Amino acid sequence: MMTENEDECDVQICRLMKPDDANIAGNVHGGTILKMIEEAGIIASTRHCNNPAHMNDEYEPSVSALVRVETTDFLQPMFIGEVAELRGKVTYSAPHSVEVQVMVTAENLLKGTKRLTNFATLWYVPMSADEKGKVLPAPPLKCPSKDVEEAGRARYEAQKAERRRIGLGGRPSLLIKSNDFYDDDGSSETLTVSHSRSSLIHLVGPSDCNTYGYASGGVTMKLMDEVAGCVAARHCRTNIVTASMDATNFHKTVRLGSICHLTGRATFTSNRSLEIEVMVDTEYLLAGSDVRERAVHAFFTYVSLGPDGRTQPIPQLKVQTEGEKIRYEEGKLRYEQRKSKRAANKQSKPSTS
Amino acid sequence: MMTENEDECDVQICRLMKPDDANIAGNVHGGTILKMIEEAGIIASTRHCNNPAHMNDEYEPSVSALVRVETTDFLQPMFIGEVAELRGKVTYSAPHSVEVQVMVTAENLLKGTKRLTNFATLWYVPMSADEKGKVLPAPPLKCPSKDVEEAGRARYEAQKAERRRIGLGGRPSLLIKSNDFYDDDGSSETLTVSHSRSSLIHLVGPSDCNTYGYASGGVTMKLMDEVAGCVAARHCRTNIVTASMDATNFHKTVRLGSICHLTGRATFTSNRSLEIEVMVDTEYLLAGSDVRERAVHAFFTYVSLGPDGRTQPIPQLKVQTEGEKIRYEEGKLRYEQRKSKRAANKQSKPSTS
Amino acid sequence: MMTENEDECDVQICRLMKPDDANIAGNVHGGTILKMIEEAGIIASTRHCNNPAHMNDEYEPSVSALVRVETTDFLQPMFIGEVAELRGKVTYSAPHSVEVQVMVTAENLLKGTKRLTNFATLWYVPMSADEKGKVLPAPPLKCPSKDVEEAGRARYEAQKAERRRIGLGGRPSLLIKSNDFYDDDGSSETLTVSHSRSSLIHLVGPSDCNTYGYASGGVTMKLMDEVAGCVAARHCRTNIVTASMDATNFHKTVRLGSICHLTGRATFTSNRSLEIEVMVDTEYLLAGSDVRERAVHAFFTYVSLGPDGRTQPIPQLKVQTEGEKIRYEEGKLRYEQRKSKRAANKQSKPSTS
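Residue numbers (the numbering used here), protein chains in the order written: chain A, 1 to 353; chain B, 354 to 706; chain C, 707 to 1059.
The following block holds chain A by itself, in its conformation from the complex (with noise of 0.2 Å):
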């Protein structure tokens, strides 16, 4: 019964890489991933959400908007040619969220050989499909146990501490029109951050948005990660990959129409790692206002590969200004929490791949 139950939340893609999705070098981007990671959440968590089995009368059909993502680490690199393999499955339902799981492998199909790339976690909110802006409850998941339902209630309480954090003072800045981000003192000296600094402006047209006129929180990751890669490509000059995304929120859904502006800035460098600060402005162009809102917010790691697919050292970055310096910090303080995080994610899961 409750394995059935979990069959039918089960979603698989597979899909084979194009020149498209990937790099010179034939590296997938990140973002290309991250766009089919989403693809698969939002199948998951709309299915489970309109799932007949948990209908009652109140029923209303739902679609699910993403809200969030947690860090995800690009394990391995996927390359042109190869199968990328997605399984999604719902692991968690709170009242108004629902959390998705999606493992990614990639498959070289002349080999024979598959090898785990991401492992991620999005929660998504169901929205009623008939009146905008209404959120509706989720339906309850069925846990195995009750180990595995504490576990995902802990994981659930974690996200929504952070999230409540970042919006009533943590880091109010990045949800107010922060200026300082769009200051360029105009430094063309390489290696500082105004020297690496990159902008994308994309139109949001019909194929980026789902049937009810808003892009997928896909569509606007693979944009994140194309602005970072050009910040690292400029910085760096080398064959450069994402190599994690910081847990990130979606505070707005974007519109069918508007203009996203993304921007994305060095922050901090490790040896062998750079930290990039990506944020997303939306814009309506038809709206009678001129506000530009702030929709995303992220930071993206990258590393730097060598003609031998290895990493290698990245050139440090130059901090000049006061924010630089402080922002620098504060990136150092995040480079050791993944760090640390990522040691205790080893000993606690020695089977992950």
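Bear in mind the hints are in silico, worked out from the structure with no lab data behind them. Here the structure is a predicted model, which is why all the values come from computation and not from measurement. Hints should not be assumed to be uniformly reliable.
Unchecked claim - As a list, the in silico BS3-like pairs of lysine-lysine whose alpha-carbon atoms are at most 25 Å apart:
#	chain 1	residue 1	chain 2	residue 2
1	A	K332	A	K318
2	A	K111	B	K487
3	A	K114	B	K442
4	A	K111	B	K495
5	C	K1031	C	K1045
Given chain A's structure and the hints, the job is docking chains B and C onto it.
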């Protein structure tokens, strides 16, 4: 052991249908579905042919090339916002070819309902990944029973006989450059063959191709359905949808940088269906010469949907020239064969959906 | 005050060039660049026309439609892996039209070098977002000085005169359905006009269109460059690239669900360049009638690159019919005008790149 092996060859693809996948009425194009079917097919076949369990010392990596698709019916319409789920499985293996069966279901996420939309059978040939044009042996498939194996062999022999018949005299005119296909008496009278005759001309770009620089069979089928759809729209001026594609052989692979010339013409109308013949000729732009080669030839059947989503009568085709009359009679024959075949299938598989 | 205003109208687009954006030799298609230029243009113009600072009580939201592109030279090639950076700015506003200038640079991320590749001028008309076909007034632009305003007005008047000249008889054959464009004597001799004559036929889908169901001017220009590229490749059989597009008017907007018929033919060869005339006719499939309308007409100039990336001599065009000879002479005239204009530009702008 057996089932494990089978599972390895299984492939599952889920994809949310977007505006780009459908016509203005929201019906997903038959061509979109054919393209996804071929994507599932090529992954399943390439995976089977490179499975390490099948390898020996002489093993050489191979890429599968589509050589034939059996008659594919579109049993039910699919809509934007639904999830297409495709399950592919290798079902037979001959010395140099592999049969893949793909089942397609459409899932309405909001209602939680699923329905079978297609069942397709594709034949692939493993080609050397290193040496252009070299056909490789296909590894054997362990069949669950003697009966299953016999049935597979019968399908294999039947399609081989069919392909030989066409090649050796059954309809040689299709393989050489038949000028009559390009003839157009320029009649502007509505409902004639000339009136709805349509062409598409497409430059084959990188995203149409696999890593080896060949257009995937799925891309070609999508374009074929597109040109057939133009013919049907011109003839009916209503919401028209693909009802079936007859068994189709792929004579030539299409190279990156080629121009695909697709032409479609109406050949026959029954009360509620329109048969359209589609030719694909290909021309490699950078070749010293100007040779056009026939790559594919197929028959599509379209139906017209009324505002209630049900099929409605089709305006009858006016045939004028001698050739048009002959093709009309041939079309009538195919129409009756399809009808009796479908009736036979219904009797033998009462529980399909 | 002034500078703030200017900044608001600025638009910046950065995009990484991918395999799909380029030909087999890695040169980014001129059409890709024209498409991005138009994207920058439409954002700048639509933003200007909906700027709250310009609004009064009668304000009505508008979408900008491309009506004209001034001659656009491709000064330098761009390659896959480079970042295209486009900066657009509204530079003049007439009562019902807006001028946008776009500067394009290519940045080699690995070398850290940037070079100017294009400088384009586009004219837009604000159309009502609510009422189809209604032209709206364009808000005025505060110009930094009297001289700047005068120069803008002069450009506005010059293009208006040019458009009126074409419309009123200067070149009437271009605006009506000129059958001679479709005539083909079927000559198979190489280097003749017939031999390299090329067509593309494209069904306009949702991703080609804006939110209002009209193909963007950029999509049309990309297809135009594609068909011109086919002509050039057939004539030269080498690595050919776009050198310029002459000033081009957009007579008709192209609807979603239309078929675009693009035809290109060689008109003139100089020692190192090939001029190609491109016609775009459009036909709305679901219309009761079969009317094809001329949407755009343009002249492209192509050059041929040798293995060292430098231009090389072009095989001379063999003109045969009376019409071909007349068009050759007209082409020669345009060639000489372009040459003298470019020489004049060089003198007046010594510091362009």
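How the hints compare with the structure:
1. For the hint linking K332/A to K318/A, the alpha-carbon distance of about 14 Å falls within 25 Å, and the restraint holds.
2. About 19 Å separates the Cα atoms of K111/A and K487/B, which keeps this hinted pair within 25 Å; it holds.
3. With a C-alpha separation of about 19 Å, the suggested pair K114/A and K442/B falls inside the 25 Å cut-off, and the hint holds.
4. This hinted pair checks out: K111/A and K495/B have alpha carbons roughly 21 Å apart, not beyond 25 Å.
5. For the proposed pair K1031/C and K1045/C, the alpha carbon gap of about 21 Å is at most 25 Å, so the pair holds.
The structure meets every hint from the earlier list without exception.
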